[in-house]
Each structure stands twice: as C-alpha cells, then as structure tokens.
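Chemist: Please put together the full structure from these sequences, using the hints given.
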Amino acid sequence: MRRSTALRHAATTTVLVGLAATGCGTGAADSPGDTGQTSQAAQPDAIDTAATVDVRLVLEPTSLDIAGTAGAALDQILLDNIYQGLLTRDEDNKVRPSLATSFKESPDGLTYTFRLAKNAAFHDGTKVTAADAVWSLRQVTAAGSTNPDAAALASVKSVTAADDHTVVVTLAHRDTGFTWRLTGRAGIVFKRGTDFSSLAGKENGTGPFKLGGWKRGSSITFVRNDAYWGKKAKVAKVVFHYIKDDNAANNAQRTGQTDIETGANATLLQPFTDNPDHTVLRGDTTDKFTLALNNAEGPTKDVRVRRAVRRAVDKAGLIKILGGAGRPVGGPIPPSDPGYEDLTSIDAYDPAGAKKLLRQAGYGDGLKLTVQIPTIYPAEIGDYLASQLKQVGIQLTVRPVEFQTWLDAVYTKHDYQLSVVDHAEARDLNNFANPDYYFGYDNADVRTWYAAARTAEGDGARDALLKKAARQVSEDAAADWLFVSQTLTVVRDGVTGVPRNFTSNRYRLADLAVAKK
Amino acid sequence: MTLFLLRRAALLVVSLLAASVLVFLALRLLPGDVAQTIGGIKATPAQVAAVRHDLGLDRPLAAQYGDWIGGVVTGDFGRSVLDGTSVSGQLAEKFAVTGPLAAGAVVLALAFAVPLGVLAAVRRDSRLGSAVNTVGQLGIALPTLWTGLLLVVVFAVQVPWLPAQGFPVDGWAEPGQALRSLVLPWLTLALAEGAVLLRFVRSAVLDVLHQDWLRTARAKGRTRTSALLRHGLRNAAVPVVSVLGLQIAALVAGAVVVEQVFVLPGVGQMLITDVGNRDLDKVQGEILLLTAAVLVVGFLVDLAHRLIDPRLRSTL
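As given, the protein sequences belong to chains A and B, one line each in that order.
Here the UniProt record's numbering is used: position 330 in the first sequence is 330, and no number is missing along the way.
Here the UniProt record's numbering is used: position 138 in the second sequence is 138, and no number is missing along the way.
Simulated from the structure, these hints should not be mistaken for lab results.
Quick caveat: nothing in here was measured; it's all calculated off a predicted structure.
Possibly wrong hints are sitting among the right ones.
[To be verified] Dumping the calculated DSSO-like pairs for lysine-lysine here, alpha-carbon to alpha-carbon at most 30 Å: (1) Lys202/A - Lys42/B; (2) Lys42/B - Lys157/A; (3) Lys215/A - Lys42/B.
Modeler: Spelled out as structure tokens, the structure:
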C-alpha cells in the first residue's frame, strides 16, 4: 500500500507548528522525531496479572514456521516469547543465558560447553534435555538444510551431548560471532523429532508464552504459559495487532484500542507528546537505510561516480524530512555493533566536490540514473534523492517497486543501478566481504580483514579488524548509508517493561506489566 | 426459461475456465516467487532453488495449471504454500467480514439513493432537486480513502463513539462489537456507491417521466406521483438493476480500499497480502472464487430483469 505523500506532508506541517519541546528529548526542539525518552517508569507495586496488552506491530509474519520461513516478523514475536535458544540477547544487544544457564569457551576457542537449565520444559510438558538441543542444532547445520539462517552456524563442526544437561559444540575454526549468532533463530531448541512442516499451525516451544490464535491479516494472540520454568510472565495475554498504516495505528493508540504502538511515525507524534496519558520511548535499531550503488556494472562501477553520489546527498536533510528519527552513520556498521566508528566525514556533503568528480568521470554534461525503491518505505526518500542528485547534474528516475519485485530484480538478478533498502540485520558487514552479494563490491583486503575478524583471538582484535574493513568499505564508496533509524514506541500510561531497542528484531514480553487500576 | 437457464449456466462455466487460464498466466508474469519469500534475504541462491524444487515451482506451467484446475474441478481450491491453510477456509473466514461489509453498504446505498434519486428527478427544477443532485455529484467526486479518513477523524477520534479501525479478535462472537466496527466502513462505502446509484436512479426516473405510457396513465386520471409509483418505478428499475449489478462487482475494489483504511481482515486485504507474498496457489483460488461471485451477480441481474420486465422473457 502506498502512502499518500501529500497527506503526510500536511501532517508534518501540523506537527511542526504544534510541537513544543518535551520530556527528555535530546537535540533540537523543532524536530518532532527528537522527542521521546530513553527511560521508562518503574514497575508499579500493584500489577494486574490478569491483564491483556494490545500491541501494534507493522509487519505480519507470512507463516509461523520459524524453522523454515524467513522474515524478521517471525523472530520479532516468537523468539524469547514462544521459542528459546541456548542463549539470548538483552536490550543492549549483549549475549545473555537463556535455556543454557551458563557456558564455557575452551582456551583455543574451538569448544563451547553449555549447561542447560534443569527444570525447563516444552509447552506439552516434556522436559528439555541436551538431546533436544543437539538434535535442533544438527537440523540447522545438516547438509542441504533449508533453514534460512543456516549460514549462522557455518563454523560448527560437531554437536554432542555430554550428559542430559550438557551440550558440547566443536567449531572448525575460531568464530568470534558464534555465541551472538546462536542467540538468533538458528539456536532455537525444538523438541527432538519435531516435524517442521507442522510448525506453521501449532508450536511446542519452551517460552513464557504460548500461541493463543492467529487471525490472518489481523492479529496474533499469545497467552501466558502458567507452567513456565522460569520467572512467569506478568500479563495474562498479549494481542499483536498488525496495522500497516501509520495513521490508522495512531488512531488505534489514541482511542485506546492499543496499549503500545511500536514503529510510530515520527511526523505524527503530536497527539502523544505533552500528553500525560502516553509516553514516547526512543530506541536504537540496527536498521541501516542503504543506498546501494551497483559496484559491478553501469556508471556506478566507476568509484568517482559512487563518491559523487555520496557527496551529493545531505543525510541530515533527509533525516529531518522523515521526522528526525535517525542518525547519520557514514559506514556499514551501526553504533550498537562491534567495530563501529563515526565515518560521516568520508564523502561528507559537498555538491561542488561531487560535480568535480562527475566531470573527471566524463559525466560533466549530466548523467541519468534509476533507483529502485520498495514501496514499503516512505516515498519521501526517493523524492529527496532525486532533488539532491539533480543539483549535481544527475537526473534520477525513481522507480517504486513491490518488495518481491525488488527481491527478484535487484537482489537475485543484480539488475539495477541504484536501490534503497533497509538492511535491518545486526552484524551484517559480511555482505561487503561477499563479491556475489548484490552490491557487487569486491575488495581483497576487506575480505581478508573480515575473515581474520571472524577467527580473531578476543573481541579487541576482532573489533580493530572490523573497524579497518568498515573504513575501507566506506572509502571505496561501496554503498551510501543514508541513516541508521531510531524506533519510537508510544506507551499508554500504566504499562511498564516495554521493549525500547531493536524492537523490529525481537519483542520480548517477559517484563511487560500493567498497573492495577 | 429453462433454455435460458441452461445457456446461462454453460456461459458461466466457459467464462470461469477462460478466467482460470487468464488468472494463472497473469500471475506467472509477476517477478519473484514464494520460494524467495520463504528463503528471505539470508538464504543462499542454492537454498532458494531447493525450496523452489520442493514446491514444484520449477515444473512446466501446463503441469502446474493441470494440477491446480484438476483440484478445483473436484472442489479442492488448494492450500497456501506458506502456512498450509486451505483457500476455501480462509475465504470463508474473510468473507465473514467482507460479505456483511458489502451487503450492508449496498442496502444502505439503496436506502438513500432510491428515494433521493426519485426526488431529484421529480423535483428536477426545484432548489431541493438540484441540491440533491449536487450532493450526489460531490459524493462521486470524493475519494473513498478521503471520506473514510474524515469519518474516522470525526466519529472515532474527535467524538469517540466508534472504533477507528480493526475488527474484534473474536469476530462475530462479539456481535455488538463487530457491528460497531462496521458502521464507519459501511458509511464510507455507501456514500461512494450511493452517490453513483443516486445519479442513475435520477436519470432513469427522468427517462420514464417523458414516456408516452406515463402520460397515458395520467390522462386516465392518475396523479403524477401515483402514476410514477404504479408504472414508472418498475420501468426505471431495469437500468438501475444493471448498474447495481456492476456496482456490486465494483464493491470488491472499493472494499479493498476501505479494508485498508479501517484495517478490516477481509477478502481485499487477504488478496493484497497473498499477492505480496507470491502465494500464487492461494491467490488464484481466491480470484477464481471472486470471479465466480461476480458472474453469479451478473446472472442474478439478468434473472431480475426478466422478473421485472415481462417483455424480456420472450428473448433468450
């Protein structure tokens, strides 16, 4: 569904006029996206354990088969809530124990020993044992595995059970990202022998919630697992409402149909700021809105053209017209990932420099380019890029495409010049170390450094190598990074324990609580 | 009449078969496939190819069509490749929202279009008549999306009488809530549909007002109103019923927009999602059933014509 640009511009104007500086907002008060606080109220003394919480989410999963179907929408609701892995990550993106209460890494970094929680059980009542974990991990690593996340465990050589509650994983080589990647869906522990083709209809997880029901195209309901092995959930029921349109979501929150609105549009926040009935939370994401420049073919094969494009686009201006909920990044690593450094000074905004580079590349008389942008992103991005590039003599045709068309033409066939996509995943620098990826970027040094970072001894050595690789990627103008987005969540007064960071990757409900009225 | 029914039934089957081929081929022209949806952007090309093979998407088109239509003939509209749900089951669930939505909108549209249309025709030269006519014009000009948003702002946000969006999680198990959720969508659709109908009713009535037989009826002593009610409306109904048939078909398109604005889990919304996911087996089943529904409406319109106008009964 396309959003009406005119409507949203109108809304932006209204918001800008009516806005006052609020709360713990950081930065300029004239940017509505700068509102929002990074801390929330403490859990009240008296909580209503029979409460139902209604949550607005944007993207509905295509199926509930987490072992076979890709999509962040599945991770978002199922991880930690229904299914659990050996490990998980917290609000700061750090690795934490989950089904494995502790783990040890051997000095050579090749053997990991996990101790499983003794009382953990599946929703059908069976106890979780090491055999289940071994079976699950072997499914992912098996030859011919169609698990979309199979690459996450590529370094695993073998998985065995030392006893009923001890799992030993042996790696083929050191892997600095192994435990972190185990926190994703590749690390989920299923009951041994689970028929994955049946997961779409029913689940048998180990988490604090069970699947209540799914009204396709509308909502998914979770109910508390009263037999949960750990600390039980504080609310009885959570209903996820899938509302794509931001205006409709706003109305739902304003009229009390939802208690939590995730992914709130920064330009539509006015009804909630300075309003005692609602709090706006601002959180981090690893969503890198990336302007991909075909490195392998066409005019953008020339590094001078790529650098000219980067210099022609003022990122601060783009962030502002989108409502302010983003930060410039200048390189492929977002602030919350290892190896981050501020690279915004590389190819900073410089239209005159861009023109000069284009002249050198032989495009002094102008250049025509086409950008393909999936229709799920704000239409303003394309308009903005076209107007910015026009000022340096590049005539940009914006072609909005359906996401599936993007997947086919750009991602699979590499048939594009420019493209805008939100690369939402954390720690995905490997895309620039893979010449077959749709960026078509190939630098032998970067590949070497990235490989060395993966097998480095210790996080310090790893981070230094990642930093080096990221800087090189940015200096080669392998792509342009428009911004790392921030996420805004509107919360009804009385609801606490609401996830704030990385909310589109996982939405942990364990701390959610509602005050007793 | 029997011959008429037989001919119409044969036409229905042929049309459906033609539609099935068209739908099947048209959907294959879309770039991308469901294997890519399943594999996502983390799976390797080899993994996606493996999924495609598992699903039989690499088989010849004729074989895929044969399998599908073979199932349809035996009443099996297939299953979603993505989540395994049955097409007919899903359609039934979604139709529980779209059906009442469309039916209510038609009733509401008729309820104000017919009296107002007649009024606008009979009083065409008065201020009232032209006012009604202007309102009708306006109704046609307003985009459904805009009316919908306006109604939400007024009746859900400013005056919190009705829900702004959504349908109860338990559906019709909460009839009161379900009805409340449909009020604003009904109004939105009925305004758009009703305005078009109003214009047609007005011109159809104007048409019969100038017919000789109406003059004859009045010459025999009937008042204008009584002549119109007794003879005129029945004649005016013939073109209006045709338009109503077309409007009901168009309602499907209108429902897509309204379901998006009000986040109603109906047929339109399901189609958009399924096309987006390239869940083609499901999409083609859904479109075929919708096509059948539209063709049946056409059939009913023909039947209605014959009941209203005896002169048509002698033709085939």
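Chemist: Just to be careful, I want the Cα atoms of Lys42/B and Lys157/A compared with a cutoff of 30 Å; is the pair within it?
Modeler: Holds, at about 21 Å.
Chemist: Mind checking the alpha carbons of Lys202/A and Lys42/B for me, to see if they're no more than 30 Å apart?
Modeler: Holds, because 25 Å separates the two Cα atoms, which is no more than 30 Å.
Chemist: Mind checking the alpha carbons of Lys215/A and Lys42/B for me, to see if they're no more than 30 Å apart?
Modeler: Given pair Lys215/A, Lys42/B holds - Cα atoms ~27 Å apart, limit 30 Å.
Hint violations for this structure: none, all hints satisfied.
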